[in-house]
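Start counting the sequence shown at 1; every next residue gets the next number (this note's numbering).
These aren't lab readings, by the way, just hints derived from the structure by calculation. Nothing here was measured: the structure is a model prediction, and the numbers come from that model. A portion of the hints provided could be inaccurate.
Straight-line distance between alpha carbons at most 30 Å, and here's what the computed DSS-like set of lysine-lysine pairs gives [stated by the list, open to error]:
hint: 1; residue 1: Lys272; residue 2: Lys141
hint: 2; residue 1: Lys234; residue 2: Lys141
hint: 3; residue 1: Lys242; residue 2: Lys193
hint: 4; residue 1: Lys193; residue 2: Lys234
hint: 5; residue 1: Lys140; residue 2: Lys283
hint: 6; residue 1: Lys140; residue 2: Lys272
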Amino acid sequence: MSWDEDLQGREPPPSLETLIVPRVRDLGDGFHVRRALPSARRRMVGPFIFLDQMGPADFDPGRGLDVRPHPHIGLSTVTYLFQGEILHRDSLGFVQPIRPGAVNWMTAGQGIAHSERTAPDTRAAGGRLFGIQAWVALPKKHEEVAPAFVHHPADTLPIIDGEGIHLTVIAGQVHGGRSPVRAHSDLFYADAKLEAGARLKLSAEYEERGLYLVEGTVEVEGTRFQPGELLVFKPGSEIVLKAESSARMMLLGGEPMDGPRYLFWNFVSSSKERLEAAKADWKEGRFAPVPKETEFIPLPPDDPPAPVRYP
Numbered sequence: 001m002s003w004d005e006d007l008q009g010r011e012p013p014p015s016l017e018t019l020i021v022p023r024v025r026d027l028g029d030g031f032h033v034r035r036a037l038p039s040a041r042r043r044m045v046g047p048f049i050f051l052d053q054m055g056p057a058d059f060d061p062g063r064g065l066d067v068r069p070h071p072h073i074g075l076s077t078v079t080y081l082f083q084g085e086i087l088h089r090d091s092l093g094f095v096q097p098i099r100p101g102a103v104n105w106m107t108a109g110q111g112i113a114h115s116e117r118t119a120p121d122t123r124a125a126g127g128r129l130f131g132i133q134a135w136v137a138l139p140k141k142h143e144e145v146a147p148a149f150v151h152h153p154a155d156t157l158p159i160i161d162g163e164g165i166h167l168t169v170i171a172g173q174v175h176g177g178r179s180p181v182r183a184h185s186d187l188f189y190a191d192a193k194l195e196a197g198a199r200l201k202l203s204a205e206y207e208e209r210g211l212y213l214v215e216g217t218v219e220v221e222g223t224r225f226q227p228g229e230l231l232v233f234k235p236g237s238e239i240v241l242k243a244e245s246s247a248r249m250m251l252l253g254g255e256p257m258d259g260p261r262y263l264f265w266n267f268v269s270s271s272k273e274r275l276e277a278a279k280a281d282w283k284e285g286r287f288a289p290v291p292k293e294t295e296f297i298p299l300p301p302d303d304p305p306a307p308v309r310y311p
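Take the sequences, apply the hints, and build the full model.
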């Protein structure tokens, strides 16, 4: 599909570098995701190497999410929910419910395993699950840090409120707010809600900037964009976003990565050899187990890792 087909006759704004319209993928049981990153058009935005919209999915009583234990290296995972709840368990022994507006920041570094499930009480009641999962690639000097996990409740995150804008700073610094979440690279990540008619300026502070539209419609330089679209902007210009209706979007980006990354399954690395070692470690059971879990996701077929390059 070409840029023109994605734009569907719309005029591309001068500030727009790339538009990504991810397809909806059904993972089973009616649970859908939209994978905006990586894409053939743009593999990363700053250090963000993976961006999935989860749901919205409505689970009947007795049903829920069951992502069995699986491994990661060379990245931090960021889970952020709009609705619902996920129970996180990892090989460090952390057990943490994730609820709307809170941040789970898990740094894999040299290696961690975790599961993501619907807790028994939530499963019994049923309900909706809706959120975003992102992966942030680690700089080379931090790729092999010790694994770590931190949880930040919603009321610990900075909020910028006024003129029809309600913006939560999830990580990094943006619009004068700085998140308490510790990241290993210069980045920004925010949840912005705009009332109809509100305008939000996205400054040129960071070289790489993206906007993933979750709900509503926004206008950029006279062109309208719809939910499920990832806009990647050209460096250097200040951008004004106008909400045509009430809208919600994720703002993300940062400085370019320090070289290409290879991506295989849940592993990210600047070295193909390191990916091979991680694959062997998972296959041979050398990752630390997740307490109270008896299942795991097997290593997928051994396809060659594709380089994830800038841009």
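**Asked** Against the structure shown, which of the earlier numbered hints fail to hold, in ascending order?
**Response** Of the numbered hints given earlier, the structure breaks none, since each of them holds.
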